[in-house]
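> Listed in order, the protein sequences are those of chains W and U.
Take the first sequence: its letters are residues 1 to 126, numbered as in the working numbering.
Take the second sequence: its letters are residues 1 to 138, numbered as in the working numbering.
Please note that a few of the clues may not be correct.
Covered stretches of chain U (chain W as the covering partner; in silico rule of three or more C-beta atoms under 8 Å from a C-beta of chain W) [unchecked claim]:
no., stretch
1, 7 to 15
2, 33 to 45
3, 49 to 58
4, 61 to 74
5, 77 to 89
6, 107 to 118
Restraint ranges, calculated between C-beta atoms of paired labels, are given here [what the hints assert, rightly or not]:
no., chain 1, residue 1, chain 2, residue 2, range
7, U, Ser93, W, Gln9, 36 to 42 Å
8, W, Ala4, U, Ala103, 15 to 21 Å
9, U, Val95, W, Leu13, 34 to 40 Å
10, W, Gly46, U, Ala100, 15 to 21 Å
11, U, Ala80, W, Leu43, 30 to 36 Å
12, W, Leu125, U, Arg62, 39 to 45 Å
13, W, Trp44, U, Phe33, 45 to 51 Å
14, U, Gly3, W, Thr5, 53 to 59 Å
15, W, Leu111, U, Ala80, 37 to 43 Å
16, W, Leu43, U, Ile2, 18 to 24 Å
17, U, Val95, W, Leu111, 24 to 30 Å
18, W, His7, U, Ile2, 23 to 29 Å
19, W, Ala118, U, Gly35, 15 to 21 Å
20, W, Gly75, U, Gly3, 18 to 24 Å
If you're looking for bench data, these hints aren't it; they were derived computationally from the structure.
Please read all numbers here as calculations on a predicted model, not as lab measurements.
Beta carbons: idealized from backbone N, C-alpha and C, even for Gly.
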Amino acid sequence: MQLATEHQQHRSLKLMAIGTLAGLFSGLFGVGGGSVIVPLLVLWLGYDERSATATSLAAIVFIAGFAAAVQGLYGNVHLLDALLIGVPAVVGVLIGAWLQQRLQARSIALLFAALLVASAIELILS
Amino acid sequence: MIGAIVIGLAAGVVAGLLGVGGGVLFVPGLVLFLGLDQHHAEATSLLAIVPVAIVGTYRHDRYGNVRRADALTLGVLSVAGAAGGVALANALSGVVLRYAFAALMMVVAAQLVHRALASSTSADLGVEDAVAEHDEVD
């Protein structure tokens, strides 16, 4: 019984650590934080990849929501742009998931990695 | 306005295709195509992520993959971190923040390459494949 309680406390501590790290990452970079949450759920809490991804997405609703609200207090959020990007992105994600089964995702991943690097260089130079 | 819609759609397609998050695409899109500064782009990206994550959660939840109690705990316990991260971002200059973000993009690119080379089949690539595979069963 005491072991079970201790185990539960450990779990809560781990979730708190992951939440805090993901929040920091999300707030600092303007991203969801999935790249922090997913591997930590797998490593620390024994999640499989699929549950980790799904649970991470659900957590991101809160994390990105909180971080956006705080950014709103700084007056940094462009509400219209966010909607104009976010809503079509939902459609885009569904198209992307559909395409994934019909395309060679591997070569696309490599192409896209190159695009990311090019954009990163553009960001640095701009 | 059209520009924002095109960026959102394109970023969404890539995110769904490769399983990378929306933010790593929204932020450079907002900076490079809509001319937002780094701080405003990050802030706006955060809000744009919310509808994408809601729909993604809904799709995964239908297959019972969302561990709701843990997700809620993670979400609620992230508040302090999120506030700290935003405060840190706003304390940094735009240039430093942009360089840090560029470094993050490089890391994501490296992860993509690593995954692409490590996986023998395209099915291992995307995070979305969890959903895609289930869709086939449907």
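> Holds or violated: the stretch 61 to 74 of chain U covered by chain W, criterion of 3 or more residues with Cβ-Cβ distance under 8 Å?
holds (count 11)
> Can the suggested window of 37 to 43 Å be confirmed for the beta-carbon pair Leu111 (chain W) and Ala80 (chain U)?
holds, 39 Å
> Looking only at beta-carbon atoms, does the pair Gly3 (chain U), Thr5 (chain W) fall within the given range of 53 to 59 Å?
holds, 55 Å
> Take the C-beta atom of Trp44 (chain W) and the C-beta atom of Phe33 (chain U), compute their distance, and say whether it sits inside 45 to 51 Å.
Distance hint for Trp44 (chain W), Phe33 (chain U) is violated at roughly 38 Å.
> So is the stretch 107 to 118 of chain U in contact with chain W by the C-beta rule, three or more residues under 8 Å, or is the coverage claim wrong?
holds (count 8)
> Is the hinted range of 24 to 30 Å satisfied by the C-beta distance from Val95 (chain U) to Leu111 (chain W)?
Taking Cβ atoms as reference, Val95 (chain U) and Leu111 (chain W) lie about 29 Å apart, which means the hint holds.
> How does the coverage statement for the stretch 33 to 45 of chain U fare against chain W, requiring three or more residues with Cβ below 8 Å from a Cβ of that chain?
Our answer is that it holds, as 9 residues pass the Cβ test (under 8 Å) against chain W, meeting three.
> Measuring from beta carbon to beta carbon, are Ser93 (chain U) and Gln9 (chain W) in 36 to 42 Å?
Since the Cβ atoms of Ser93 (chain U) and Gln9 (chain W) sit about 41 Å apart, the hinted range of 36 to 42 Å holds.
> Val95 (chain U) and Leu13 (chain W), beta-carbon distance inside 34 to 40 Å?
holds, 37 Å
> Is 15 to 21 Å right for how far apart the beta carbons of Ala4 (chain W) and Ala103 (chain U) are?
Since Ala4 (chain W) and Ala103 (chain U) have Cβ atoms about 42 Å apart, the given range 15 to 21 Å is violated.
> Evaluate the given range 30 to 36 Å for the C-beta pair formed by Ala80 (chain U) and Leu43 (chain W).
Given a distance of about 22 Å, which is not inside 30 to 36 Å, the answer is violated.
> Please check whether Leu43 (chain W) and Ile2 (chain U) have a Cβ separation lying inside 18 to 24 Å.
violated, 43 Å
When held up to the earlier numbered hints, the structure conflicts with 8, 10, 11, 13, 16, 18 and fits the remainder.
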